[in-house]
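Residue numbers (the numbering used here), protein chains in the order written: chain A, 1 to 279; chain B, 1 to 295.
Keep in mind the hints are simulated off the structure, nothing from the lab. Ideal placement from N, C-alpha and C gives every residue a C-beta, glycine not left out. Fair warning: there could be bad hints in the mix.
Lysine-lysine pairs mimicking DSSO-like chemistry, simulated, CA-CA at most 27 Å apart [said to hold, decoys possible]: (1) A:K178 to B:K159; (2) B:K126 to B:K159; (3) A:K178 to B:K94; (4) B:K209 to A:K178; (5) B:K135 to B:K209.
Coverage of chain B stretches by chain A, computed from C-beta distances (three or more under 8 Å per stretch; other residues unrestricted) [claimed, not checked]: (6) 11–17; (7) 52–64; (8) 101–107.
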Amino acid sequence: MTAPLRLRALFLSLLILVLCLGAWQIAVSGSGATADMDPDYAKLMGQTATTGKSAMPSPLDVGKTIWGHLRDPFYVRGSNDKGIGIQLAYSLGRVTLGYLIAVLVAIPVGFLIGMSPLMGRALDPFIQLLKPVSPLAWMPLALYTIKDSGISSIFVIFICSVWPMLINTAFGVASVRKEWLNVARTLEVGPVRRAFTVILPAAAPTILTGMRISIGIAWLVIVAAEMLVGGTGIGYFVWNEWNNLSITNVITSILVIGVVGMILDQLLAQAQRAVTFPE
Amino acid sequence: MTDRFISVEGISKRYPAPGGRSTTIFEDLWLRVGQGEFVCVIGHSGCGKTTVLNILAGLDQPSDGAILVDGREIRGTSLDRAVIFQGHALLPWKTVLGNVAYAVSSRWRSAGRQEIEARAMRAIAKVGLAGAEHKRPSELSGGMKQRVGIARALAIEPKILLMDEPFSALDALTRGTLQEEARRICRETGQTVYMITHDVDEAIYLADKIVLMTNGPNAKIAEIVENPLPADRRQGDIHHDPNFYAVRNHLIDFLVSRSVTFRDAPPAGWDPRHPPVVRLGSAAAPAAEPASRAA
């Protein structure tokens, strides 16, 4: 086996996928008639009792559902029946908005903390106290003060994604190498130009790491937030399908949430690579 | 004025120590450097040579005393005093051209892009890096990085060049080449240079005057050795010069033993305001030599 590592890994991944799907298919398929019973009674009992079929959908069922969603992702048939594309768009819109506001707050405040030891020490207790609070704990307070469930979930996204960015920015800015700052000082570079030409590029990889952690957390939290507030979004969709007892759709949503989360992470990873400099 | 272009006037540096006391790194240093002079400072680690350089650069302040440059007291950093850092201190996200152009655009703030690039390219060519201007520091060898550091310092046309052991991290061959080029460039432009080194041979090759500092704490400027070697010396030949070993032995003797004894018991008549100027070898005035070598 001299194929490149990448190909071998791909082959192994596919093998694992096929094995899992196969095991899943076998586990949920029926075991044949389980008991002789009156046909009318059998109808009442459903396939689970009569043929041993599992209540869990098979991979084929899920595949069909995914195909159905992909063919028509943006349909609207009433307020409780919208296409998965529309639900995703709602969630992505909230995440984007909450996340961008967090960027606008976290990076300047992080700069302030990183550049001023005084502000760093003064703000530290607040950060330490608020950072470990589950973002969903803010939800009641947000609902009470904002009185809008959509904006409340945007606020929750903001509050959960602000901390990693804030802490990483402050750390990145504070640990810019002294010699680079001395270069700027000996060249009589002013504070604003110094911030943009030395500190920002030097701290950018650390800041982007924080941003990448944040987008991951935001995407985790939006599902829970939408389950809580309902109405629209992928989180609401999952909960709605659970109430409909459509396990097929629940599994579909899990896959979709995973794929979107992966794409968001990769986008930030690419941005991170773009600002990383070799030493 | 020109013989005291840089005038170090009684500077000291103290740091607070535990127990409300303070540690004195150096005390009452006086030194004059003329315009166009190449001065090397030799002393053991901890004698405060780098602190003096940082004060000269404006990156640090003395606890007492002041340094005058061209008759004016140093207050903060200045584009007239360029620093070549020990660890090159290039900005790794910028190319060679970007690093040098950053300094140029800091010096000539209203200059257009073309003028900035032209000036930067001239400085890069001067250190022999033409063709490598679009490389990033990570793609360069240690010697090339330090050349970029030199180009960046020269590009702003400073009145004084401050070098903090610029060649100490390089291998011997690269160091030799760079020393030669540094000497050529500084002689061509009549650059005033204050350089720190641990390397006695480097000091003898490069310097017009060698400043000897005693060990710290409480370091002093013990004496100033005038270099008796001819001005048009060549690096491969200096050890054949009849005066070479006189200087070298004097410097090494100082570093080995006198750097401690001098601090603890300065010879009678030693005045910190006027550290003795030592002339060695056949060219020296005969009276000066025996007295100063009697350690």
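For each hint, the structure was consulted:
1. Between K178 (chain A) and K159 (chain B), the direct Cα distance comes to roughly 24 Å. Compliance with the 27 Å bound is thereby established for this hinted pair.
2. Between K126 (chain B) and K159 (chain B), the direct Cα distance comes to roughly 17 Å. Compliance with the 27 Å bound is thereby established for this hinted pair.
3. Distance restraint check for K178 (chain A) and K94 (chain B): the Cα-Cα separation of roughly 17 Å lies within the 27 Å cut-off, and the hinted pair is therefore satisfied.
4. The straight-line distance between the Cα atoms of K209 (chain B) and K178 (chain A) is roughly 31 Å, outside the 27 Å bound, and the hint therefore fails.
5. For a cut-off of 27 Å, the pair hint linking K135 (chain B) to K209 (chain B) is broken: about 37 Å separates their Cα positions.
6. For the stretch 11–17 of chain B, the stated coverage by chain A is not satisfied: 0 residues place a CB nearer than 8 Å to a CB of that chain, which falls below the threshold of 3.
7. Residue count for the stretch 52–64 of chain B with a Cβ under 8 Å from a Cβ of chain A: 3. That meets the three needed, and the coverage hint holds.
8. With 4 residues having a beta carbon nearer than 8 Å to a beta carbon of chain A, the stretch 101–107 of chain B meets the requirement of three or more and the stated coverage holds.
The structure fails to meet hints 4, 5, 6 from the earlier list, while all remaining hints are met.
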